[in-house]
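Can you make the complete structure from the sequences, with help from the hints?
Keeping their order, the protein sequence lines are chains B and Z. When the first sequence is numbered by this note's numbering, its final residue is 401 and no position is left out of the sequence of numbers. When the second sequence is numbered by this note's numbering, its final residue is 401 and no position is left out of the sequence of numbers.
Please note that the accuracy of each hint is not assured.
Now the stretches of chain Z that chain B is said to cover, found in silico as 3 or more residues with beta-carbon under 8 Å [said to hold, decoys possible]:
hint: 1; region: 55 to 64
hint: 2; region: 67 to 79
Covered by chain Z, per the in silico footprint, the following chain B stretches (three or more residues, Cβ under 8 Å) [what the hints assert, rightly or not]:
hint: 3; region: 43 to 57
hint: 4; region: 60 to 66
hint: 5; region: 78 to 86
hint: 6; region: 93 to 107
Don't read these hints as lab results, they were simulated from the structure. Even for Gly, the Cβ is constructed at its ideal location relative to N, Cα and C.
2 protein chains.
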Amino acid sequence: MSLIVMKFGGSSVADAECMFRVAQRITDCYKAGNEVVVVLSAQGDTTDELIEKAREINPNGSKREMDMLLSCGEQMSVALCAMAIQKLGFPVVSLNAWQVNLRTDSRYGNAHITKTSAKRIREELDRQRIVLVTGFQGISREEDITTLGRGGSDTSAVALAVALKADLCQIYTDVDGVYTADPRLVPNAKKLQEITYDDMLELASLGAKVLHNRSVQMAKRYHIDLEVLSSFKNVPGTIVKEVAKMEKVVISGVAMDQSIARIALVGLNNEPGVAYQIFAKLAKKNIDVDVILQSIGRGDSKDISITVTREACDEAVRVLEENREELGFEYLNVRKDVAKVSIVGGGMLNTPGIAASMFQALYEEHINIHMISTSEIKITVLIDEDKADRAVRAIHNKFFD
Amino acid sequence: MSLIVMKFGGSSVADAECMFRVAQRITDCYKAGNEVVVVLSAQGDTTDELIEKAREINPNGSKREMDMLLSCGEQMSVALCAMAIQKLGFPVVSLNAWQVNLRTDSRYGNAHITKTSAKRIREELDRQRIVLVTGFQGISREEDITTLGRGGSDTSAVALAVALKADLCQIYTDVDGVYTADPRLVPNAKKLQEITYDDMLELASLGAKVLHNRSVQMAKRYHIDLEVLSSFKNVPGTIVKEVAKMEKVVISGVAMDQSIARIALVGLNNEPGVAYQIFAKLAKKNIDVDVILQSIGRGDSKDISITVTREACDEAVRVLEENREELGFEYLNVRKDVAKVSIVGGGMLNTPGIAASMFQALYEEHINIHMISTSEIKITVLIDEDKADRAVRAIHNKFFD
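Laid out in C-alpha cells, this is it:
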C-alpha cells in the first residue's frame, strides 16, 4: 500500500463533467489499494471571478481580505469533488487549511508555507477515507487565512506529501509531462520519462510553466518524487527526482520566456557597492530581478543589465530613475520586445561544446544574441522576441534530432 | 460608548450597491462612537446557487460536505463588505466561524450554537476596528464546519451579542419592524415600538417571519435587547425586550401561516401511552409537530389532530400509516388546504373576552373554524386556506380599529 498525494489544477475541475473525471481518477487510485490525499485548486475561472467581484467594490482592498475571499474558491472545489466521490460510492472527507493546520507566514497573497500537520489527515486515512484538501491556502500565525499566490496548490501538495511521508506526489495538469521543448512550438519535442529536480527548476524558472518552482524546491529538499501527468489522458507522465535515468541527450530541454524585459544601466561608476545599491532599491519595491549580467568595466565606468518581468518593468524603471543620482548611471536602455531562450541539463556539465552548438543553431538562423548568461546546468540567451519561436525550434533540432 | 451587534441578511448585501449601503450604515454607527460588530449572511442568491451546483453533481451529497460548501457564501460576503468599508476609509477586519471560535453541535445543516468566544473579536475591537463576522455557520467538536440552517444568521448575531455583552443587537431586514399584522395584507396594520420576547416568539412561530425563533429564545435567556429594523429605510424599528411598554392594545399582532397541513388520527384507543407512541415515531424521523390537539375521548376511542409543515406532511402520513397497527387508529384525515391564524399578546391574560372577539370577527365573515388551540398568550384557529386573508383583516380590524 502506497500513500499518494494527487494534485489537480483548476482546469481539471472546471465543471461537473470534469469533476467526475477527476473523481474517477481518484477512486481508481483508491481502489488500487492506495491511501489517497488529493489537493484541489479552485474551479476553472472561479478565482478570476472573485477577483472581479472584489475589483468592482474596491480595487484597493487589503490583501488580507482578498485572501479571505479567494480561499473560498478551493473550499467550494473540495466540497463539490467530495460529493462527486460520494456519488461514485466511496468514503471521502474534504478539509481546508485550518483543519489540516497548514501554516504560512503572513505575506497575504504570496505566503510561504512554514509547516503543516499530518494529524487530521492521518486520522481520516485511518478511517479508510479519501482525503481532499484545499490547495493554495494556509493559516498565518495571527490565525488569518493566507493564499500562496498563483500556482501555490502545487506547493500545498508537496508540503502535504512531506508531512505525510508520501511515496509519490502526482501533479495532474493539462500537459502529459515535461517535454524537451514546448510541443506546440516544436512538433517533434519528446516527453522525458525522468528529469532531475535541478533541471526541472531551471526549466520552470525559464518559462516552461509545468510546475510551480517552490514546489520543486520543496520536493528536492525533502526528497519527494514528483510526477507530472495529464488529468485528461491516462498515460504515464514525467517523474521529477534526485537522479534521473540518463537518456541519450545531455540537455533536458529548451525553454522560452517571452514575458520579460531587459533594462541596461549604462555608465555606472566602476566602484564597490554600486550593484548592492541597485538591487537593494529594487528589492525594497518587491521587484524580482531575473538575469543579472555585468561585463567587465572599461576605465571608471561599467554597465549592468538585468531582466525583469514585463509587468514589473515600468515600476523598475521608475525606481531606478528616481535614484539616478545616488546610483550614478548615465542612462537606462530598456527593451520590452525581447525573449529569453535557454537550454537546461545537468548533463552539459561534462559535455564540451554544448554552448557552441547552441550558438551555432542561432547563427544558422541569423538570429542575433543580445545577452548571454550561463550557470552550471543552463545557458540562457536574450534575443529579439519575434525570432524566439524560430530559435527554440532550431536549438531543439540541433540537440534532439 | 456602546457595543452594538448589527446583522444584515442576504438581500441587504445582494450586490455592490447594496454592499455600500450596508457599509454606510455600519460606518455611521462606528462614527457615532460605538464599537461595532457586524454579522452578515451570504449575498442574495449565493446560497441557492451553491445548492444548485451541488445538486448538479450529487443530489444526495452528505450534509457535512454541503456545509463545507455553503459556508463559503458568508465568507465571501464578509470579505467583500470589508473591502467596501475600506473604500469608505475605515479600519475593518472580517472573521469566519473558526476565527471567532463559534462552536456548535454536529447536526450538519441545522446545527445549534453551544458556545462562542469573545477573545478575537475583543482584540480587534480594541484595535479600533469594525469587526465583520460570518453568520449562519459554526465549528463542531470534530473541527468541522456546520451551518445553522436558514435564518441562522440571526442566531449567530445574538450569540455574539451575548458573548460580547453587547448593549444592543440590531437585526436589519427588508421590513422596518414588527407589525400588528402583515402590512401587505392589512393596510392599516401598525408598527409596534416594543414587543416582549414571548409575544415575538409566538408571532415568529406563527408565521410572521421577521426573526429566527432560536435567536429570540437566546436573546430572552440572556436578556439581550433586539431591534428589528430596515436596512433600506433609516427609521427606528421595533425593540424586542423583556417588558414592553404597554400600548393601548392587549394583543401584539395577528399572524397567519399557510405552510401547514393538518393530520387527524381518528379512532385511537383511549388508553395511556398512545400519544407517546405517535410522537416518538414522528420525532425519530425528525418531523416537527406544531399544534397538537386531543379532545376528550368518547368511550374507548379518541382522536388526535396535529399540524405539520406542508413539506413534511407526506412523510408524516407515511410514518403513521406504516405504524397503523401498533398505534391503533382507524384512519387518517389529512388536509393540506388549511391555514393557521393566531392572535398573540401577553396582554390577553388579564383581559376577558379576547377569544370571543376573535371568534366573533370570524363569524361575521362566515368563516368556519376547524380547530382551536390556545396558550396563555395566544389563540390559534385552523380555517380554510382560501379564507385566511379575509380572516386576518377581520380579526385585525376587530382589535386595532
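For each hint, the structure was consulted:
Evaluation of the coverage hint for the region 55 to 64 of chain Z: fulfilled, as 7 residues show C-beta separations to chain B shorter than 8 Å, against a requirement of three. For the region 67 to 79 of chain Z, the stated coverage by chain B is satisfied: 8 residues place a CB nearer than 8 Å to a CB of that chain, which reaches the threshold of 3. Coverage of the region 43 to 57 of chain B by chain Z holds [criterion: at least 3 residues with CB-CB distance below 8 Å; count 5]. Only when three residues or more bring their CB closer than 8 Å to a CB of chain Z does the claim for the region 60 to 66 of chain B stand; here the count is 6, and the claim holds.
Judged by the Cβ-Cβ criterion of 8 Å, the region 78 to 86 of chain B is covered by chain Z as claimed, because 7 of its residues qualify and three suffice. Counting residues of the region 93 to 107 of chain B whose beta carbon lies closer than 8 Å to any beta carbon of chain Z gives 5, which reaches the threshold of three, so the coverage claim holds.
The structure agrees with every numbered hint stated previously.
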